[in-house]
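Enquirer: Listed below are the residues making up each chain.
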Amino acid sequence: MQETTDAPLVRLSGVQKWYGELHVLRDIDLSIARGEVVVVIGPSGAGKSTLCRAINRLETIDEGEISIDGQPLPQEGKALARLRADVGMVFQSFNLFAHKTVLENVTLGPTKVRKQSKADAQARAKELLDRVGVGHQAAKYPAQLSGGQQQRVAIARALAMEPKVMLFDEPTSALDPEMIKEVLDVMVDLAERGMTMVVVTHEMGFARTAANRVVFMADGAVVEEADPETFFTNPQSDRAKDFLGKILKH
Amino acid sequence: MDVVVDNYQFIGIGFAATVLLFLISGIGALLLGTLLVAMRVGPIAVMRRAAATYVTLVRNTPLLLILVFFSLAAPKIGINFQFVKIVISTGWGDIRMTNAFAGATVGLILYTASFVCESLRSGVNAVPVGQAEAARAIGLPFGGVLSNVVLPQALRAALPPLASTLIALLKNTTVAASVLVLESAYALKQILDKTPGTVEKLWPIGVFILVFVILVELLSFASGRLERRWRVAR
Ligand SMILES: Nc1ncnc2c1ncn2[C@@H]1O[C@H](COP(=O)(O)OP(=O)(O)OP(=O)(O)O)[C@@H](O)[C@H]1O
Ligand SMILES: [Mg+2]
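As they're listed, the protein sequences go chains A and B.
Under the numbering used here, the first residue of the first sequence is numbered 1, with each subsequent residue one higher.
Under the numbering used here, the first residue of the second sequence is numbered 1, with each subsequent residue one higher.
These are calculated hints, taken from the structure and not from any lab test.
Possibly wrong hints are sitting among the right ones.
If you want a taste of the chain A side facing chain B, the calculated C-beta under 8 Å gives, among others [stated by the list, open to error]: (1) Asn56; (2) Ala85; (3) His99; (4) Gly109; (5) Met161.
Calculated from the model, a selection of chain A residues having no Cβ within reach of chain B, i.e. all distances over 10 Å [to be verified]: (6) Glu36; (7) Glu63; (8) Ser93; (9) Asn95; (10) Gly133; (11) Ala138; (12) Glu170; (13) Met179; (14) Glu182; (15) Arg208; (16) Thr209; (17) Ala226; (18) Thr230; (19) Asp242.
These stretches of chain B come out as covered by chain A in the derived footprint (C-beta under 8 Å, 3 or more residues) [claimed, not checked]: (20) 123–134; (21) 145–158.
Please read all numbers here as calculations on a predicted model, not as lab measurements.
Quick reminder that beta carbons are idealized off the backbone N, C-alpha and C, glycines included.
Produce the entire structure from the sequences given, and follow the hints as far as they go.
Expert: Written out as structure tokens, the structure is:
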């Protein structure tokens, strides 16, 4: 009993990936506990997106193993699809289904993948849309919403699958400054409710408030990890010092 | 003008047969074309190659050759459609959907499907990759990603080339008709043969062209309407 609950929810061991000559993931070992919020930070091209996308196998890996809740990621097909249903993903560019309304965006997965009835799925979708503050936009199409609203719908769409873990790849970096907060607020709320989260972001405010751990990546490797306060005030590696120096300047 | 009025039943049946041939071939080509594009963008390499080969071969073969194959060569190697015996009786005469009609339908479907496939594929390429990724991320399998997210959007983007493909099909039904089916083109020929005088001969041709222009315009109109209706939802 004890063993299963203490086992990490997401576990990467010895993960390697190359794009041709480019070594984008270098021997990554990372365990994420249930309920933990991990912020991944690092310079552009460090491999943060690749890491995030490898966790639900939108990106394949060349060596090593990734497992979710004790199950190794399946290669392809139905088994992989089933596992992905348990891993929510929020993209930098929202990627809401452009031909579906907000409500349909949120109910598609529950009805087609989880086989919920349309009525149940809609009721739950409305709850979630209310929770992220876009309940009154349910009948609109994505193109009719602001970026911040779209991203909150995207979060609701992922949550509707009742995922075990949520992955965020720079969820606020395509947003205008005044919309960043509304999305971060939703994410902080999610973290407080105990969701396991992997968040690629440069929002230090979010990292400080919500993260249990900061993972700093550079050149495809995890260079340093620590709790947010320690990392931001007392980084150990030169790469991290250099990077923080750059982003703190402005 | 008399020649049109006198032969209205004949002409009517001819057009009914053309429209039927068009509708059946159109639906068949859309279905086969969708299947081909699913193979073409799918994860299985053998299927991708098979669909690509089919499209390349068929698109580069003249339609006339395909139709002649089904009317002359195919029966010699045991491919015929003698088992198709649908006759629709109307007050104006019979619409006969038999061997020749079925051969024309199959030829038109096989030919047009390759164009439908390519139109849809251009549409699929116009759908941002993020759409398919988001669909996979909520746990939809390949078929679900395609049918719920990618194809509906591809269809919107592919509407103009698809409409052109269907208009070409409409015109091609007359090619098929002249090779295989007793319908409007043949009806027209018979009427012309019986009609004395050059000016009088122009009337049936005029009506023939007019009706086809109307059918083509109807198709363009329908596609235009759909395009406008879908504009918000893209
Ligand atoms: N499909 C691809 N083919 C080849 N190289 C790629 C591909 N995708 C990413 N890369 C390269 O892999 C490296 C890591 O990319 P990744 O997107 O993971 O970086 P990142 O840390 O997310 O950067 P950013 O902060 O700019 O988003 C980069 O050098 C990138 O150019
Ligand atoms: Mg990135």
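Enquirer: In terms of Cβ atoms, is chain B entirely out of 10 Å range of A:Glu182?
Expert: 21 Å, holds
Enquirer: Is it the case that A:Ala138 keeps its Cβ farther than 10 Å from each residue Cβ in chain B?
Expert: 15 Å, holds
Enquirer: Can you tell me if the region 123–134 of chain B counts as covered by chain A, using C-beta to C-beta distances under 8 Å and a minimum of three residues?
Expert: holds (count 5)
Enquirer: Okay, the region 145–158 of chain B and chain A, do three or more residues pass the C-beta test at under 8 Å?
Expert: holds (count 5)
Enquirer: Verify that the Cβ of A:Asp242 lies farther than 10 Å from every Cβ atom of chain B, and report whether the claim holds or is violated.
Expert: At about 32 Å from chain B, A:Asp242 clears the 10 Å cut-off, so the statement holds.
Enquirer: May I ask you to check that A:Glu170 keeps its beta-carbon over 10 Å from the closest beta-carbon of chain B?
Expert: 13 Å, holds
Enquirer: Minimum Cβ separation between A:Gly133 and chain B greater than 10 Å?
Expert: Consistent with the label, A:Gly133 stays out of reach of chain B, its closest Cβ about 21 Å off (over 10 Å).
Enquirer: Beyond 10 Å on every Cβ pair: is that true for A:Ser93 relative to chain B?
Expert: The claim breaks: A:Ser93 does not keep its Cβ more than 10 Å from every Cβ of chain B (closest is about 6 Å).
Enquirer: Holds or violated: is the Cβ of A:Glu63 farther than 10 Å from all Cβ atoms of chain B?
Expert: The claim stands: A:Glu63 keeps its Cβ more than 10 Å from every Cβ of chain B (closest is about 22 Å).
Enquirer: Is it correct that the beta-carbon of A:Thr230 has no partner in chain B closer than or equal to 10 Å?
Expert: 32 Å, holds
Enquirer: Say whether it holds or is violated: A:Glu36 keeps its Cβ farther than 10 Å from all Cβ of chain B.
Expert: A:Glu36 clear of chain B: closest Cβ-Cβ about 21 Å, beyond 10 Å.
Enquirer: Hint A:His99 vs chain B: min CB-CB distance below 8 Å?
Expert: At about 5 Å, which falls below the 8 Å cut-off, the nearest Cβ of chain B leaves the hint on A:His99 intact, so it holds.
In summary, the numbered hints that this structure violates are 8 and 9.
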